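Residues per chain are reported as follows:
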Amino acid sequence: MNLLEVENLVKHFPVAKGWFGRGKQTVYAVNGVSFSVAKGETLGVVGESGSGKSTMGRSVLRLIEPTSGRVRLEGVDVTSLNGENLRKARKHMQMIFQDPYASLNPRLTIGNILEEPLKYHGVEKKNDRREQAERLLREVGLDDSYYDRFPFQFSGGQRQRVGIARALALNPKLIIADEPVSALDVSIQAQVLNLFVKLQETRNLTYVFISHDLSVVKHLCNRIAVMYLGEIVEMAECEELFRHPLHPYTQALIRAIPVVDPAQRRQRLILTGDIPSQTSPPAGCPFHTRCPQCMDICKKEHPALLTQSGHQTSCHLYGKH
Amino acid sequence: MMIRIALHNPHQLISGCGKSITALSIMNLHTPGRFIMDGQILFAGKNLLQLTEKEMIHIRGNQISMIFQEPMVSLNPVYTIGMQMTEMILLHQKVSKKQAKEQALGQLKQVAIADPQDIFYRYPYELSGGMRQRVMIAMAMANHPQLLIADEPTTALDVTIQAQILDLMRTLRQQTGASILLITHDLGVVAEMCDRVIVMYAGRIVEQGMAQELFADPKHPYTIGLLQSLPRLNGRKKYLDDIPGNVPAPQHYTHQACRFAPRCRFATALCHKAQPGLRQLSDTHGVYCFLWNKEPIQA
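Note that the protein sequences, when read in sequence, are chains Y and V. Quick note: the first sequence uses the working numbering, first residue 1239, plus one each step. Quick note: the second sequence uses the working numbering, first residue 60, plus one each step.
Derived by calculation from the structure, the hints in this document are not laboratory data. One or more hints might be untrue.
What the hints assert, rightly or not - Once the Cα atoms are required to be at most 20 angstroms apart in a straight line, the calculated SDA-like pairs of lysine to any residue come out as:
no. : chain 1 : residue 1 : chain 2 : residue 2
1   : V       : K113      : V       : F102
2   : Y       : K1357     : Y       : R1368
3   : V       : K297      : Y       : V1435
4   : V       : K296      : Y       : G1278
5   : Y       : K1436     : V       : Y298
6   : V       : K296      : Y       : S1453
To be verified - Computed from the model, here is a short list of chain V residues facing chain Y with C-beta under 10 angstroms:
no. : residue
7   : H244
8   : V248
9   : A270
10  : A275
Owing to the predicted nature of the structure, the values given are computational and were not obtained by experimental measurement. Where a beta carbon is used, it is the ideal one built from N, C-alpha and C, also for glycine.
Model the full assembly from the supplied sequences, consistent with the hints where possible.
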């Protein structure tokens, strides 16, 4: 059964330009994204900065209000909830942020940080809360004596563990992790990734794992969605995506990763240019400005999403001619 | 901290801890008086630490130049790209303003900027991250330096842009014959770019060797741990082999012990009491670890 279903999610930000906001523009951050995540599954979302992956993650949780589209969690339409119902639904979906230095309140102790969500979701007794907080700390591999310390006393890896403990406090079903290991050292990154795997096993969690690092995503995820300029351009099972990448962008992404073996320096397919501005996305296929296999039709028509045995891609190369 | 790096022509690199400080020391870019500096930095036979500030100015940006991690922070936001580029050409070369401009345009073209005339008059905020890093490289190469120090040049960039910049650095290296000291934490970038590698941990060199040797046959437990903790594209295991613990903060550095010992699986009592000396495994491959060398460094 699908735990999370996202249908045609759109998020546009109006931005003001020029003196005193005269002249309006729109940032087309997310343009009609649809996917679903099964219970216990990990979906990886990869893409470059400006591809809208973070905005997508936040709109799913309604941390920012989506412009349109539907998000269903266990069949309940989260996008139509408000007030008390929304507050209660939020318990089931939590977020882990990229920067463990910015996402913990420096004035609160670790104990306060972990107890805050418990307090708002009905754990009345102080002793119960403390007990739960200490248990969470142990679960993420920290000492429960850290309860009274402040975030500044910890290293990046330890802070990220606190961030994970906070997300787990309410026993959520879905966790959206936005670049949770990109700010960490390689050796620490491995520790935190292992923690993600362990927690998924013990708690049967469902992850949406957002990252720009394909090797991290490949290690952790069952399925991968590749985003470009606010759209999912390709989505497939992890192994399938790496073995048979269809979309030229996915192919370039995979070949751009440096291989950790000097004996295997390979000729890379290097993409020219930058990701286009989100305020004026190109007509037709969003990738056509950088695509090495661009055809005439790519500049005019937006490619449709094709699905073949679970492998989705939107590219004219595979459409009907 | 004790670092000994010999840079022959051409191109090598570092990875680990205390690496940026080493590079800043070479350029003498520290806040005066904040650091206790000892030892020698020999560049083409000259000890850079004994030079006066005036003499150093002739070397910085001229014979040795540097590119930084965050190109937005290292370009001046209130001057156009052109003004910043011609400034450093005029400082080091006896040329007219017009010639300086021509040179700058040529450099911008060399780093594969499509429209140098346009970029020349733009401000840094108008450019993307990849473009800014290209401009940084163009500036660094403007006076044809013998040594280019690149401190995490692609860390702030996306993979596809990273590939472009690494490719550019490789091309320039071939064209100009400059040496590159590349500082990075990304072992993939090291494997792609470098001939020789120095691995640092907590302010000390722990292992060095040719890239081929080091990746095929790492000897120091830290190097081994780093390579094993990477998620790989080929092969799939459920749990990664992580290195337990954290890198110590500089104020907690030990002087009479191996600094990696608290995180090392193979640590013995000796490792906590003395600092391991160098074991030269081949002409190029050396390691500082008691597993390979029982002789401690005499304090």
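Discussion item. For V:K296 and Y:G1278, compute the direct alpha-carbon distance and say whether it is at most 20 angstroms.
Written reply: Between V:K296 and Y:G1278 the Cα gap is close to 18 angstroms, so the pair holds against 20 angstroms.
Item to complete: Starting from V:K296, check that the Cα of Y:S1453 is at most 20 angstroms away, please.
Response: holds (12 angstroms)
Worksheet item: Minimum Cβ distance from V:V248 to chain Y below 10 angstroms?
Response: holds (5 angstroms)
Worksheet item: Is the hint on V:A275 kept, meaning its closest Cβ partner in chain Y is under 10 angstroms away?
Response: holds (7 angstroms)
Discussion item. Tell me if the interface restraint on V:H244 is satisfied: Cβ within less than 10 angstroms of some Cβ in chain Y.
Written reply: Result: holds, 6 angstroms to nearest chain Y Cβ.
Worksheet item: Taking 20 angstroms as the top limit, are the C-alpha atoms of Y:K1357 and Y:R1368 close enough?
Response: Within the cut-off at roughly 11 angstroms; holds.
Fill in: Restraint status (C-alpha distance of V:K113 to V:F102 at most 20 angstroms)
With a Cα-Cα distance of about 16 angstroms, the restraint between V:K113 and V:F102 holds, given a limit of 20 angstroms.
Worksheet item: Within a Cα-Cα threshold of 20 angstroms, do Y:K1436 and V:Y298 meet the stated pairing?
Response: Cα-Cα ~9 angstroms, so holds.
Item to complete: With a cut-off of 10 angstroms on the beta carbons, see whether V:A270 makes it to chain Y.
Response: Check passed: Cβ of V:A270 comes within 4 angstroms of chain Y, closer than 10 angstroms.
Item to complete: Compare the distance between the alpha carbons of V:K297 and Y:V1435 with 20 angstroms, and conclude whether the hinted pair is satisfied.
Response: With Cα atoms ~8 angstroms apart, V:K297 and Y:V1435 stay inside 20 angstroms; holds.
The structure agrees with every numbered hint stated previously.
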